[in-house]
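Heads up: the sequence lines are chains A and B, in that order.
Counted from 1, the first sequence has number 52 at position 52 by our numbering; the numbering is strictly sequential.
Counted from 1, the second sequence has number 226 at position 112 by our numbering; the numbering is strictly sequential.
Accuracy of the hints is not assured; some may be wrong.
The following residues of chain B were derived to be distant from chain A, with all beta-carbon distances above 10 Å [as the list claims (entries may be wrong)]:
#1 I125
#2 V127
#3 S179
#4 W180
#5 K184
#6 T216
#7 L224
#8 V226
Among chain A residues calculated to face chain B with C-beta under 8 Å, some are [unchecked claim]:
#9 Y31
#10 K42
#11 F45
#12 S55
#13 F65
#14 Q103
#15 R110
No wet-lab data here; the hints were simulated from the structure.
A virtual CB, placed ideally from N, CA and C, is assigned to each residue, including glycine.
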Amino acid sequence: EPEVTQTPSHQVTQMGQEVILRCVPISNHLYFYWYRQILGQKVEFLVSFYNNEISEKSEIFDDQFSVERPDGSNFTLKIRSTKLEDSAMYFCASSELVTKYEQYFGPGTRLTVT
Amino acid sequence: AQKVTQAQTEISVVEKEDVTLDCVYETRDTTYYLFWYKQPPSGELVFLIRRNSFDEQNEISGRYSWNFQKSTSSFNFTITASQVVDSAVYFCALGGTGGFKTIFGAGTRLFVKA
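Isolated chain B (complex conformation):
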């Protein structure tokens, strides 16, 4: 079965703290894609990153970084020096699992307090 688990329902941090959002996935496919999306209070889904299963290199984009580990089926997302504008719900998602759909995790709501 294909599944995405985001065990952290809510995280609250103080501005400038680093925060890591966990994502664990399940799939039997050898080729798949992993995504992170941000959903601010306005409701739209903002694409952050896509990773394919053959590329385990970690990625850094400004204050954001992602750690993909196939051995533990995890694709964790770290925000360094968090800011109030980072407050949102973050979804991890799995795609390319033998069909056309993207499977989303339940999301982690991040509160960054000033």
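The shape of chain A in the complex, shown without the other chains:
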């Protein structure tokens, strides 16, 4: 069964450093998303991406964040200068064009900022 994959599974970085989280969505999916879950809290929407541009973003997704689809398979989330409060689990998701509300989630990347 096709699945969304994410790398790395765990990333540790120092405050102020840039990090790039990588995702490979399901191959025929056209909508891509990032969500964040701070430890012990709910899953929060960050951004959605379609046709090489951001479709929607939340207030969390400020200028420190950017997304990109650098090639036909990867979808990345970049945090320019990490803060302690960026420590969280980051989930990538993707969905097909027609049934775009059925989002398939990846296993997540745990980001720890020290």
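Fit chain B to the given chain A structure using the hints.
Frame of chain A, contents of chain B only:
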């Protein structure tokens, strides 16, 4: 405003007991989708069910069942004869609300004791 409320923060049951997890949602949209996800201690989000707003039929899948009632804006989840492996955080979520994002509830942590 779109919102998902899971009023039960934690539930503790003894194995073989039945348990119901409550979910109440708010949306002004007529077309929307409701989801349940399981998050085991390993952290990934496991998709359990999707329901669209036009389908109020209850669903049963093995020991799991879901009760969708539009009149009360509720989408409750029952686990029959609970098992220790059911211990996890369960999230109810709302999608298709005029945008691309999925809105998650705060989650209910279920402890099933042997």
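Exercise. So is T216(B) really clear of chain A, every C-beta pair being over 10 Å apart?
Worked result: violated, 6 Å
For this session: Hey, is I125(B) genuinely clear of chain A, shortest beta carbon separation above 10 Å?
Result: Since the minimum Cβ distance to chain A is about 16 Å, I125(B) lies beyond 10 Å and the statement holds.
For this session: Could you check if S55(A) really has its C-beta closer than 8 Å to a C-beta on chain B?
Result: Holds, about 5 Å.
Problem set entry | Hinted contact R110(A) with chain B - closest CB pair below 8 Å | Nearest chain B Cβ about 7 Å off; hint holds.
Problem set entry | Interface-negative label, V226(B) against chain A, beta-carbon threshold 10 Å | holds, 19 Å
For this session: Grab the minimum C-beta distance from K42(A) to chain B and call the hint holds if it beats 8 Å, violated otherwise.
Result: Constraint on K42(A) satisfied, holds at 5 Å.
Problem set entry | chain B contact restraint on Q103(A) - CB to CB distance below 8 Å | holds, 6 Å
Exercise. Taking 10 Å as the cut and beta carbons as the points, is S179(B) off the interface with chain A?
Worked result: Label holds. Min Cβ-Cβ 20 Å, cutoff 10 Å.
For this session: With chain B as the partner, please determine if F45(A) meets the hint condition of a C-beta pair closer than 8 Å.
Result: holds, 4 Å
Problem set entry | Assertion that V127(B) lies farther than 10 Å from chain A (Cβ) | holds, 21 Å
For this session: Mind checking the CB of Y31(A) against every CB in chain B and telling me if the closest is under 8 Å?
Result: holds, 6 Å
Problem set entry | 10 Å cut-off, C-beta based - L224(B) kept clear of every residue in chain A | For L224(B), whose nearest Cβ neighbour in chain A is about 15 Å away, the distance exceeds 10 Å, so it holds.
Of the hints listed earlier, those the structure fails to meet are numbers 6 and 13, in rising order.
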